[in-house]
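There are 2 protein chains.
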Amino acid sequence: MNGLNFDHELNHMTSSNNTNPLDPEEFRRQGHMIVDFLADYYADIEKYPVLSQVEPGYLQKHLPKSTPHDPEPIETILQDVKDHIIPGITHWQSPNFFAYFQCTSSIAGFLCEMLCTGFNVVGFNWIASPVATELETIVMDWLGGMLNLPNSFLFSGNGGGVIQGTTCEAILCTMVAARDQMLRRVGRQNMEKLVVYGSDQTHSALQKAAQIAGINPKNFRAIKTTKSTSFALSPDSLRSAIRADMEAGLVPLYLCANVGTTSTTAIDPLGSLCDVAKDYGLWVHVDVAYAGSACICFEFRHFMDGVEGVNSLSLNAHKWLFTSLDCCCLWVKDPSALIKSLSTNPEFLRNKAFDSKQVVDYKDWQITLSRRFRALKLWFVLRSYGAANLRNFMRSHVKMAKLFEGFVAMDKRFEIVVPRNFAMICFRINLPSTMGKGVYQNGKVGDNGPMLLKENITTANELNKKLLESINASGRVYMTHTVLEDMYVIRFAVGATLVEERHVIMAWKVVQEHATAILSNN
Amino acid sequence: MNGLNFDHELNHMTSSNNTNPLDPEEFRRQGHMIVDFLADYYADIEKYPVLSQVEPGYLQKHLPKSTPHDPEPIETILQDVKDHIIPGITHWQSPNFFAYFQCTSSIAGFLCEMLCTGFNVVGFNWIASPVATELETIVMDWLGGMLNLPNSFLFSGNGGGVIQGTTCEAILCTMVAARDQMLRRVGRQNMEKLVVYGSDQTHSALQKAAQIAGINPKNFRAIKTTKSTSFALSPDSLRSAIRADMEAGLVPLYLCANVGTTSTTAIDPLGSLCDVAKDYGLWVHVDVAYAGSACICFEFRHFMDGVEGVNSLSLNAHKWLFTSLDCCCLWVKDPSALIKSLSTNPEFLRNKAFDSKQVVDYKDWQITLSRRFRALKLWFVLRSYGAANLRNFMRSHVKMAKLFEGFVAMDKRFEIVVPRNFAMICFRINLPSTMGKGVYQNGKVGDNGPMLLKENITTANELNKKLLESINASGRVYMTHTVLEDMYVIRFAVGATLVEERHVIMAWKVVQEHATAILSNN
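These protein sequence lines map, in sequence, to chains B and Z.
Position 171 of the first sequence, counting from 1, maps to 154 under our numbering, and the rest follow consecutively.
Position 383 of the second sequence, counting from 1, maps to 366 under our numbering, and the rest follow consecutively.
Isolated chain B (complex conformation) (with noise of 0.2 angstroms):
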């Protein structure tokens, strides 16, 4: 019997490694498997609820507790994937995806990640694949153009760009490379003593960068704003925290400010920032994750007036601008700073062009040593649909947004929280008018004084947070929300690849409907 087990075995064995598992022609049939799949899954996804409605827990019911011993066929797996994967998807391409900001895909960015996955190359080096160094040294600068930065963030003007994954990396990057600077001037003794100063309104990735970058977790500061600066980052307010924290005998390092902040799209005013921030020494990292792709429309261009003055600033190109995640654009004016913070040059990756000191070596730029091919999403992105036509994009909408806007403004029963700056809208049913009780709108509060205020309050925020999740639950549309003095927001955000108009006056429909709905019950 074990005689035959073993006949058996061996069978198995030859068999099986018979198929190649890059083999061409069985990656040519899977692939465009793959791609009708997928093509398919455009063409029908406003079939599926937008928030996956499954509940937690629901995958290990369908799937087998180890990895199966045998292989098995595509069709098998795909079956899989419309059975149990898919109902478990938050559908993120789906036109009526209005929650966070949005992440685009595109056909030029999917071809891209099918050529970069293809290639699978490893660009740590120059050496170890010289097109993926060349082509993201010259798109940085293409992209850079196109947003109109100083030539002193290009290449062509001694600074430069680097595609990474993230914003949390880029601002880590940056901070880190701040910190160090600072350390070779006021001594390692004074690590303790760093301090990052951000806005209430700043990403939680300045909060997690700093977590790991080993500041003093009391040294982060989270300037507080008001609505009356519609949440942007006073100047005053930063230099009174500067001044208070070298007082007590601190040392200020890093300041991120935003354009487009990711509950209202606020805007700091970049320029006055960063003449506070030069008074006391500061790097500033300016954040554009989402709002930076509008600024390639000079009418939104102003809204980075002042990055002449910030050391570094990063862009999420995977948010609004079709490349699909992961692709962080970060620009630096001194990239020797990042370099002194993250290069490490062991032996086995010494080779005859980096001795020769004409190439980047982009490892030295980023957190990790490996790095993907992204510079190819990028240049398919800006080729395939033209700078006219992605600032096209962009304006359709923006558009939509305020045809959104519209319908909100004509809506006694709602408001919006704050003027939109982008393609995001921040709305709310706005409790007094609509059960004549006390106000508290602009700031100011009502005819009833404090108490009622607060309980108003609280009211509107159950009833917003309920109409909100009874949105969602419908999964006919996706948005999210945000809490802004106290106020439960709810965000509505246009920008997927697919979305239309018809899906924004949609989108209005089962907002107005679930309100009439919510508002006739309470």
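If a hint is listed, it holds; no wrong ones were tucked in.
Each pair may be met inside one copy or between any two copies, as identical chains are not told apart.
Here are the simulated PhoX-like cross-link-like pairs (lysine-lysine), alpha carbons at most 20 angstroms apart as the crow flies:
1) K30 - K492
2) K323 - K201
3) K448 - K335
4) K449 - K335
By construction, these hints were calculated from the structure, which means they are not laboratory data.
Bear in mind the structure is a predicted one, so any value in this text is a computation, not a measurement.
For this one, chain B is given, so just place chain Z on it according to the hints.
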């Protein structure tokens, strides 16, 4: 004239907006085109020089200086890929790529990158796409099971796994967790006293992680290893280093041990190292980036003996497990240590599932917030090939490495520098046996004493360097080098998905031919 230009611009805007960048039928057409392009690429891959032969700066001559204004058709862009991109690629998927360690693609890995990019979800928390999180917890337990990891590293045993991009991230995240855990115990005033340990063979990822995490650069210990222990880290050396640091008032923090170093696939004795580390309260991480994949075979699993004592381990499935870049699997015994250091909970991400504490939110297990749906890759690969076949693939690569090892052993001009453990061979031209001079073998000095020894080392190094450069310039194969105890050594790693015996046989012929030419000229 202005009016005319404006009309033209308007027409242009209308016509170019007609095609949505995710139009399903256009997606289908272009998607099929790229699948065929890549299938042809794999069929023809041996025609290209493995190592790109371009000169620094070659690409900018072929590309415009800025983003094109108008869209360009896919056909034009693909022609540029053929003409200008492919010449700059070092072909990591070529069967003649024997450099570094491979970064393996497979059909299954490719299909899943397509699906992952197609769905393009951002799985930062459970609700953002439940299946992305749930599938990851399941497949990490699957792969952990294949590795026969102690239950304490699996979700089923209150540990757990997460897919990160690369080893650098895995080490950084665990080091930050260890750092904060230690600082909570000893107080932040000891930040500058923390010490990180590895061997002089440990991957540069450790040094980089320490730099980023804010460890004082003076407190980074690369403990010396020698040929006598096959470059494994000696527990006695570790203990001495720790003791010396403690006597100097420092605080030992973190050890990165290795199973399969980059230079030589050296194996550190995990059990004894953990015993030492336990005595002094260090966090032990083990880097099994490359060799971990082989450890799914029972005959290699013993190299990981002692793993039950470590706190965390990481394996790059993109190296040898066919998932394509990037897919680094990190397991930890105590996820709460990671979460304490890496969590941030901004309002805009709060949701019912999170508040219920029933779900994993992977954003708190990694550096970045946004994350791709990488679990799909691992799931597809494990199912498509099955545990049995994956083991067979590993074994076939090891068998081919043995073949090459046999060739080297039979040619007296060469020596194997360290014993082979997996599928990588370290070899070099053995100068004394080819030129009859003093000998440096097994750490002993030959007849002619230390003076000639040094001279011989230099000559031998130059010869071997010349040999490697000449081999790689041929474009027929690509290998890389390392330096061991001042010896320049050629590395030959077998592991490309497409590699067959005939490629290994040919590679050896190439080595012999170039060696003959070089030696006859000396």
